[in-house]
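Novice: Using the sequences plus the hints, can you model the full thing?
Per UniProt numbering, residue 1 is the first one in the sequence shown, and the count goes up by one each step.
Please keep in mind that the hints were generated in silico from the structure rather than gathered at the bench.
Predicted, not measured: the structure shown is a model, and the values here were computed from it.
Certain hints may be false.
As the list claims (entries may be wrong) - Computed Cβ-Cβ distance ranges for the label pairs, DEER-style: (1) Gly80 / Ile198: 29 to 37 Å; (2) Gln201 / Val56: 31 to 39 Å; (3) Arg27 / Lys53: 15 to 23 Å; (4) Glu181 / Glu71: 29 to 37 Å; (5) Glu25 / Glu236: 32 to 40 Å; (6) Glu184 / Val56: 45 to 53 Å; (7) Ile198 / Lys135: 15 to 23 Å; (8) Gln201 / Lys11: 14 to 22 Å; (9) Lys84 / Glu57: 32 to 40 Å; (10) Glu16 / Leu130: 29 to 37 Å; (11) Phe197 / Gln241: 28 to 36 Å; (12) Cys193 / Gly80: 13 to 21 Å.
Said to hold, decoys possible - Derived BS3-like pairs: lysine-lysine, alpha-carbon spacing no greater than 25 Å straight-line: (13) Lys234 / Lys187; (14) Lys53 / Lys26; (15) Lys11 / Lys33.
Beta carbons are placed, not taken as given, at the ideal position from N, Cα and C, and that holds for glycine.
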Amino acid sequence: MSSCNSFNLGKTLGLELVTVQVGEEKRKFVLHKQLICDSVQDFRGAFSAGGFKESVESSIDMPEDEPEVFEHFVHWLYRGTILKATKDEDFERLLDLYIFAEKLCINEFANKTIDAIQDMDLRPNPDITLERVRKMWRNTSTYSPLRTWFIDALVHKAWNDACSSEESIPRVDFYIKTLKEMWEVFKGDCDLCTSFFIAAQDSFSKWQSAYPYPHNPADPFKLQPSCYYHRHAKGEICHLQDYATF
1 MSSCNSFNLG KTLGLELVTV QVGEEKRKFV LHKQLICDSV QDFRGAFSAG
51 GFKESVESSI DMPEDEPEVF EHFVHWLYRG TILKATKDED FERLLDLYIF
101 AEKLCINEFA NKTIDAIQDM DLRPNPDITL ERVRKMWRNT STYSPLRTWF
151 IDALVHKAWN DACSSEESIP RVDFYIKTLK EMWEVFKGDC DLCTSFFIAA
201 QDSFSKWQSA YPYPHNPADP FKLQPSCYYH RHAKGEICHL QDYATF
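Specialist: Below is the structure:
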């Protein structure tokens with residue numbers, strides 16, 4: 001973002017308006033054309049001059065998207081922030097926001113959303129349910145940072161559960177119980193299963209190299225730099241750090 005001395009809100013917003021109709025109910029959002037086109041390539045292509053219906057009518061329909069998700073996108077578009085998550089239901093919202101951001105290739109929006117997910121994880125852990133894992137895996141790309149985060153979250157949960165298990169339960173029996181629970185998540189998706197066990201082995205190996213047995217495996221989140229779960233285009237500056245990726 002530009003400095004206060006050079007940033008001109010009027011020029012950033014422009015004068016023209018466009019309408020975005022979202023969901024089956026066609027909920028209308030009236031937005032500044034220049035702002036949304038400068039921020040999202042898909043909208044820039046739709047609203048640019050060239051005879052497209054959207055360009056002529058200054059309107060576009062997004063029937064497959066949820067109005068509530070788009071509402072949060074509009075908040076980010078105008079304010080540059082993600083609404084703070086404070087309860088478990090907010091975790092579901094953040095997942096929907098990330099899926100939307102990835103679909104439209106909006107890196108900054110996706111990156112700030114996953115930051116909010118990580119910030120929420122510092123509080124009592126959100127419930128990594130079977131439904132949430134499947135929803136995430138089916139709606140993200142192969143190399144999605146959100147997939148990486150979810151895998152690390154599952155690894156973290158598995159190690160935490162194992163290390164905090166009751167002494168009355170033999171460790172081997174506990175691992176078998178955990179693997180059976182994991183199988184309910186993994187069955188039918190070989191990529192998800194493989195990714196989990198690779199990440200689990202990597203986490204265990206890194207920790208064991210620094211702290212020999214019987215110390216517990218490493219928290220995968222603490223092993224990574226601050227923007228590890230971000231996606232940046234070439235030359236794009238991370239909002240967390242003052243450098244560009246080349």
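Novice: All hints are to be evaluated individually against the structure, with a verdict given for each.
Specialist: Each hint, compared with the structure:
At about 36 Å, the beta-carbon gap between Gly80 and Ile198 stays in the expected band of 29 to 37 Å. At about 56 Å, the beta-carbon gap between Gln201 and Val56 misses the expected band of 31 to 39 Å. The hint said 15 to 23 Å for the Cβ distance between Arg27 and Lys53, and at roughly 20 Å that hint holds. Distance hint check for Glu181 and Glu71: the Cβ-Cβ separation is about 35 Å, which falls inside the suggested range of 29 to 37 Å.
Glu25 and Glu236 have their C-beta atoms about 35 Å apart, which keeps the hinted 32 to 40 Å range intact. At about 51 Å, the beta-carbon gap between Glu184 and Val56 stays in the expected band of 45 to 53 Å. In this structure the hint that Ile198 and Lys135 lie 15 to 23 Å apart at CB holds, the actual value being about 22 Å. Distance hint check: the CB atoms of Gln201 and Lys11 are about 52 Å apart, inconsistent with the given range 14 to 22 Å.
For Lys84 paired with Glu57, a C-beta distance near 36 Å keeps the hint of 32 to 40 Å intact. At roughly 46 Å, the beta carbons of Glu16 and Leu130 sit outside the given window of 29 to 37 Å. Between Phe197 and Gln241 the beta carbon distance is about 31 Å. The supplied range of 28 to 36 Å therefore holds. In this structure the hint that Cys193 and Gly80 lie 13 to 21 Å apart at CB is violated, the actual value being about 38 Å.
Of the supplied pair hints, the one linking Lys234 and Lys187 is violated, its CA atoms being roughly 36 Å apart against a limit of 25 Å. A hinted pair counts as satisfied when its Cα atoms are at most 25 Å apart, and Lys53 with Lys26 qualifies at roughly 17 Å. Proposed proximity of Lys11 and Lys33 is supported: the alpha carbons are some 12 Å apart, at most 25 Å.
Of the hints listed earlier, those the structure fails to meet are numbers 2, 8, 10, 12, 13, in rising order.
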